[in-house]
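Here the protein sequences come in this chain order: A and B. Counted from 1, the first sequence has number 65 at position 65 by our numbering; the numbering is strictly sequential. Counted from 1, the second sequence has number 163 at position 163 by our numbering; the numbering is strictly sequential.
Keep in mind that the hints were calculated from the coordinates and are not lab data. Each hint should be verified, as a subset may be incorrect.
Unchecked claim - Among the chain B residues that face chain A by a calculated CB cut under 10 Å, a handful are: (1) 50; (2) 243; (3) 253; (4) 291; (5) 316; (6) 323; (7) 333; (8) 342; (9) 343.
Here a beta-carbon is modelled for each residue, glycine too, at the ideal position from N, C-alpha and C.
This is what each chain is made of:
Protein chains: 2
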Amino acid sequence: MYKLGSLIGALALAGATTIAIAGEWQALPDKAPEPADNPTTTEKVELGKILYHDPRLSSSGTVACASCHNVMAGGEDNRSGSVGVKAQVGGRSSPTVWNSAFNATQFWDGRAPSLEAQAKGPVTNPIEMGMKSWDDVVARLKLIPGYSGLFAKAFTGSDVVTADNAAKAIAAYERTLITPNSPYDKYAKGDLTALSEQQQRGLQTFSETGCASCHSGPGFNGSQNGQGVGDYIKFPGIENGALEAQYGFSKDLGRYEVTKNDADKHLFKVPTLRNIALTAPYFHNGKVKTLEDAVAIMAKTQLGKDLNPQQVGDIVAFLNGLTGEFPKQEMPRLPAYPGKTFDFE
Amino acid sequence: MYKLGSLIGALALAGATTIAIAGEWQALPDKAPEPADNPTTTEKVELGKILYHDPRLSSSGTVACASCHNVMAGGEDNRSGSVGVKAQVGGRSSPTVWNSAFNATQFWDGRAPSLEAQAKGPVTNPIEMGMKSWDDVVARLKLIPGYSGLFAKAFTGSDVVTADNAAKAIAAYERTLITPNSPYDKYAKGDLTALSEQQQRGLQTFSETGCASCHSGPGFNGSQNGQGVGDYIKFPGIENGALEAQYGFSKDLGRYEVTKNDADKHLFKVPTLRNIALTAPYFHNGKVKTLEDAVAIMAKTQLGKDLNPQQVGDIVAFLNGLTGEFPKQEMPRLPAYPGKTFDFE
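Just chain A, with the same shape it has in the complex:
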């Protein structure tokens, strides 16, 4: 039994069933926080699920949110760069949509302060979904008869089919995309058999190596306090010529591209480790193909440590224990544009 296991055991015996184990190890909440101006409702979630899966939100009619953030899989596309309209490949690897509701900011550079703001970005990005404007998107949605009723159910007002409401609905849907009850969560709640011995050893190594100093909190994604403190980290933190030559991590200036503040050069949002086994390849540029390599590189570039193969294997085993339970979802029906055709490019 490892030290943390003992602490957890003690807390479990004392009847603690949720979060805040030893002040550090926390289970994933069952519900995501909701902004005051966009409470989650069944109607909004249903509309959002439809919009999220509707490729008509792209210029070609072929790219939906779900194309690069596949909820049937790990919430992204398992590619280094995502493929948008006209086979254009994005410069950063798609982050997972699963548990993104627990990120204080969105995108690798944190440029969106909310899921609502994030949802609007890719649709009009020329290399992602390629729509010229949200006005064009809304015009399309208004031509699809079924959408009027769906928006009217989800929102009040006289003009409900709007970009803001579409983004709110998509965000509301995304707040339901939570994967609780991973082996780690069960362990954190007191079931000491939920992680194997190797996984428990990996948790210990993860902690001792210092990984949790950034990958903290129930999402293993930083403080998420909304102040940005602890949510961004310089990557690579320690320059390494060989790794740079191999992976080109530093080509991307990260958060600097948003703020143009020199201090933000190469800062990236701390990504969640939830379901990390399902979201290869790794890092902002998706150049690292295996979780083993990702763990070893992180230790080297962020903590100046060389892990041995057993340590890497143990941490990877632990990270596999962060794969949660995916909620069952019914496939949405996309409302039709009966007998008519959009001018897809």
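Fit chain B to the given chain A structure using the hints.
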């Protein structure tokens, strides 16, 4: 009340609840025929649904069967030509997967004699899913741990992860993609209120104009007797310079491309009219954008008739009555390739 309605009414009063109204108007069966060597089972359907939605069956990892045959919509992509890997656009418009189990042959040129044979085609087509070979697909599937168990549940034998079994599973899933209980079906079964007065008039016009001579049977897709008789039709049947100049229908030699028999030039499979309102644009090249135009062009090129706007409107109203009920489906979970990355192009 129109003549056909009367006949149906008489039959309904006599207690007839299914098919064979006046020898011509038939409701869609609730079950699709199954080949002797591939009986439909729950396990096969579940595996097939997963494979059907798995973009890792494409060279880029971005194109699944569902990409061009979207079961959340009308079973295709509402484009004139589908977009495959590297943004390549196919030469023919994607046919709907819904009710494809009622087609005796598959593809516009009928080159696949079964759903099983069809399922194998697009995966290795260089402009569709772009895999170099099914051996490569199988090699990938074998690297995904979850697939072994899914194939083992669905099939017997020592080497179950095979191309044949993948195709069988996809076909078994597709046999569940049936949309019964359209307004027309309810009408055909005796509910004379299921079609509006205009739709009933449209049914009459559809019949009198001669549309049903090709679009016959419960699928409105020809005889489907497996002999090919009545399953193919020359299109355009009557040459029309103005329409040819506008739409270029004759650029495609149709079934001739399969048989190299001169008599098969410009022959195409009679496509189903089920859910036709959801599958714009129309015809093998998808050049006709509205159902109104499609109906008028068909009457002109196949039957030598000029329909007036009311006749067109009535037939379109009737065709809207062929939109069926789509079965609820749970989203599949795609098994992971944990912590590893495929070499997607």
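Hint check:
1. The closest approach between the C-beta of residue 50 of chain B and any C-beta of chain A is roughly 8 Å, which is under the 10 Å cut-off, so the hint is satisfied.
2. The restraint placing residue 243 of chain B at the interface with chain A is violated, with a minimum CB-CB distance near 17 Å, outside the 10 Å limit.
3. For residue 253 of chain B, the interface hint is violated, the least distance from its beta-carbon to any beta-carbon of chain A being 25 Å, above 10 Å.
4. For residue 291 of chain B, the interface hint holds, since its Cβ comes within 10 Å of a Cβ in chain A; the closest pair sits about 3 Å apart.
5. Among the interface hints, the one on residue 316 of chain B holds; its C-beta lies about 6 Å from the nearest C-beta in chain A, closer than the 10 Å criterion.
6. Contact between residue 323 of chain B and chain A, as hinted, is supported at the beta carbon level, the nearest pair being about 8 Å apart and thus within 10 Å.
7. Taking 10 Å as the C-beta cut-off, the interface hint given for residue 333 of chain B holds, the closest approach to chain A being about 6 Å.
8. A distance limit of 10 Å between C-beta atoms decides the matter here; for residue 342 of chain B the minimum to chain A is near 7 Å, and the interface restraint holds.
9. At a threshold of 10 Å, the smallest CB-CB gap from residue 343 of chain B to chain A is about 9 Å, leaving the interface hint in force.
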